[in-house]
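Asker: Chains P and U are the protein sequences, given in the same order. To convert, take the position in the first sequence, counting from 1, and add 136; that gives this note's numbering. To convert, take the position in the second sequence, counting from 1, and add 136; that gives this note's numbering.
Read the hints as simulated data drawn from the structure, not as lab findings. Keep in mind that the hints are not guaranteed to be accurate.
It does not matter which identical chain is used: a pair holds within one copy or between any two.
[What the hints assert, rightly or not] Straight-line Cα separation of at most 27 Å, BS3-like style, residue types lysine-lysine; simulated pairs:
id, residue 1, residue 2
1, K334, K140
2, K334, K317
3, K184, K214
4, K317, K291
Protein chains: 2
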Amino acid sequence: MSGKVFLVGAGPGDAGLLTVRAAELIAGADFIAVDALVSTDIVESFPKSAEVIYVGKRASAHTLPQDKINQLLIDEAKKGRRVVRLKGGDPFVFGRGGEEAEELVQAGVPVEIVPGISSSIAGPAYAGIPVTHRSYATSLTLVTGHEADESTGIKWDALAGLDGTIVFMMGFANLPVIVEKLTEHGVPATRPVAVISKATTREQRTVTGTLADIETRVAAANLPTPALIVVGEVVRMHDVINWFETKPLFGKRVVVTRAREQASDLKRLFEESGANVVQFPTIEIVPPESYQSLDRAINEKWHWLIFTSVNGVEAFFGRMTKDARALAGTKIAAVGDTTAAALRRHGRQPDVEAATASVRALHDAVVEAVSSHRQ
Amino acid sequence: MSGKVFLVGAGPGDAGLLTVRAAELIAGADFIAVDALVSTDIVESFPKSAEVIYVGKRASAHTLPQDKINQLLIDEAKKGRRVVRLKGGDPFVFGRGGEEAEELVQAGVPVEIVPGISSSIAGPAYAGIPVTHRSYATSLTLVTGHEADESTGIKWDALAGLDGTIVFMMGFANLPVIVEKLTEHGVPATRPVAVISKATTREQRTVTGTLADIETRVAAANLPTPALIVVGEVVRMHDVINWFETKPLFGKRVVVTRAREQASDLKRLFEESGANVVQFPTIEIVPPESYQSLDRAINEKWHWLIFTSVNGVEAFFGRMTKDARALAGTKIAAVGDTTAAALRRHGRQPDVEAATASVRALHDAVVEAVSSHRQ
Chain P
137 MSGKVFLVGA
147 GPGDAGLLTV
157 RAAELIAGAD
167 FIAVDALVST
177 DIVESFPKSA
187 EVIYVGKRAS
197 AHTLPQDKIN
207 QLLIDEAKKG
217 RRVVRLKGGD
227 PFVFGRGGEE
237 AEELVQAGVP
247 VEIVPGISSS
257 IAGPAYAGIP
267 VTHRSYATSL
277 TLVTGHEADE
287 STGIKWDALA
297 GLDGTIVFMM
307 GFANLPVIVE
317 KLTEHGVPAT
327 RPVAVISKAT
337 TREQRTVTGT
347 LADIETRVAA
357 ANLPTPALIV
367 VGEVVRMHDV
377 INWFETKPLF
387 GKRVVVTRAR
397 EQASDLKRLF
407 EESGANVVQF
417 PTIEIVPPES
427 YQSLDRAINE
437 KWHWLIFTSV
447 NGVEAFFGRM
457 TKDARALAGT
467 KIAAVGDTTA
477 AALRRHGRQP
487 DVEAATASVR
497 ALHDAVVEAV
507 SSHRQ
Chain U
137 MSGKVFLVGA
147 GPGDAGLLTV
157 RAAELIAGAD
167 FIAVDALVST
177 DIVESFPKSA
187 EVIYVGKRAS
197 AHTLPQDKIN
207 QLLIDEAKKG
217 RRVVRLKGGD
227 PFVFGRGGEE
237 AEELVQAGVP
247 VEIVPGISSS
257 IAGPAYAGIP
267 VTHRSYATSL
277 TLVTGHEADE
287 STGIKWDALA
297 GLDGTIVFMM
307 GFANLPVIVE
317 KLTEHGVPAT
327 RPVAVISKAT
337 TREQRTVTGT
347 LADIETRVAA
357 ANLPTPALIV
367 VGEVVRMHDV
377 INWFETKPLF
387 GKRVVVTRAR
397 EQASDLKRLF
407 EESGANVVQF
417 PTIEIVPPES
427 YQSLDRAINE
437 KWHWLIFTSV
447 NGVEAFFGRM
457 TKDARALAGT
467 KIAAVGDTTA
477 AALRRHGRQP
487 DVEAATASVR
497 ALHDAVVEAV
507 SSHRQ
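Isolated chain P (complex conformation) (with noise of 0.2 Å):
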């Protein structure tokens, strides 16, 4: 059987929006070449099976030149392998794609393209802003924010001059630059901008403003990178559609002890309210996997810790007594009255007690805690 690499998109950062099949490739996959801006769900769903070899940027990892990586490719197909090369986005948007593919090909190497969601679409559509809308914008044009400072790069006269909507990729540092070429070229001082921030994921921000004052409000907000520049009038729309970052549960970061079979359907249920969730699988410990997401829990900031089980509260606190101020401000739920009984026994009093042991009722009463706090 020969082999193949497959160069597959990994989506913008919410792990929902990988593709059908790329998760079928990925799990059946025997080598993985995966870039920094994967998401951590996508990574975790590798198969035990596969060798996996991190070679984008990372802060911990080393980084393999462009042309390694081809060769690296080469080798493990020829070896009759199924490679698949998961590339953050797109693989053909901004991706490099298409120089790996060209030189699979002519290294004899069958190759097959698996398009991916690409942030420049999607990160704009979670902040409310349609690319393009019959009434604002009848063209798109994606820009790598990159070229923004070199003098070969970007036509900012055509740019300025097409009037719909642009989305700057990776050009947050180039702000100024882009600000000060659009406006040299023509553009009003007063067409909107949006910068949004780490796009579809669970610490997504934007900020609105307009050409004019689109600086002062980024660095009042001091929003991390990565982050997408939209320019254009459909900018107007997130103030109507935002529709993510005002989930009732947006931003809370929530820690559910369960057996991991179990915990799914709370997981999507808080998920779809938007609460960044952690399974904590207290019934499958098996050290030292558990423990370092245990460790994590403790050591990190939580709104919301959920207890659904007996089991669960007994190995929380076996392990925290290692350090009991850790828990300052996290809130506590508890689904049944045996599990807060438990709570209780510990010298904890929860805040949300569901009385019926029912997911459903547990996320209601947390959602309902937390808007009558915002109050």
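Model the placement of chain U on the given structure of chain P, informed by the hints.
Answerer: Leaving out everything else, chain U in the frame of chain P:
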């Protein structure tokens, strides 16, 4: 429980390019409003429990005006139902998704946007054309071809001056205007152009040329709609990377008789080699659904008919006796000696026999037969 509308992109045609999130939402939907451009494979995956309405333009169905569609979505959500509004491609890329989302929000209905893979990027990718490439294009502009003949629409001067990749969606009928306007505004006649018909489907066809000769070439090829027009130097990569239309079984239509559970491996294997596979699950025959599939199989033209059991042979020829001329020109493959013997009892000599009853052996035998026939 309050209702909600999910504006969901179904992707460009290949059902594998549906997102995981879209597949989950479809599986859990109470009501699905679906556009004409959504792939049949996806429509066939709708849960039986969901109410389905077709709102797009189809030859044999009526079309709902936009305000009626919006009202329908609002009414269904207000009943407390989970409503999926499924659109071809991405809902916010020339899909009127912005207008629909706006109406829903203003009616007080919670809305969620699920981006889809846009054919504007995936279509070129399936034709081996990366929409951006360091050597050829540092920008991508998407335009609707619908607007091409309107005086108010496209800023031709700016578009021509950008010097990047341009993808015209839904503009096939306006190809002459597009060629004329770009030439008039200074794009050289040697600029490469590709027209991609039925992008990402098993019937995809790509014609390439230049601004000077693309009209003649497209006319000679008699391409069906829908079709994308790609203008830019990146089109040169088609000859190098073209991976989809060159698969060994690309364009071959294959019927597989087998119980659906067992058939999925076989189907996947043939699809990965490019075949258009229809399953005819003989073991589960329940009128009328299975007779529809079978009659379709008999009435249409197929390249290969693959039998994997005696049951399959008996069920197929039991129905086939109605019109014995139907299989003229169709080649027949059999897995295993007993299946081959059953075929001979019906007066058919298999063109290919896989001696060992293995899915892989059968697939390889067909690929070999097709390849040697081509020489």
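Asker: Which numbered hints are broken by the structure, listed smallest first?
Answerer: Nothing - there is no hint that the structure violates, so all of them hold.
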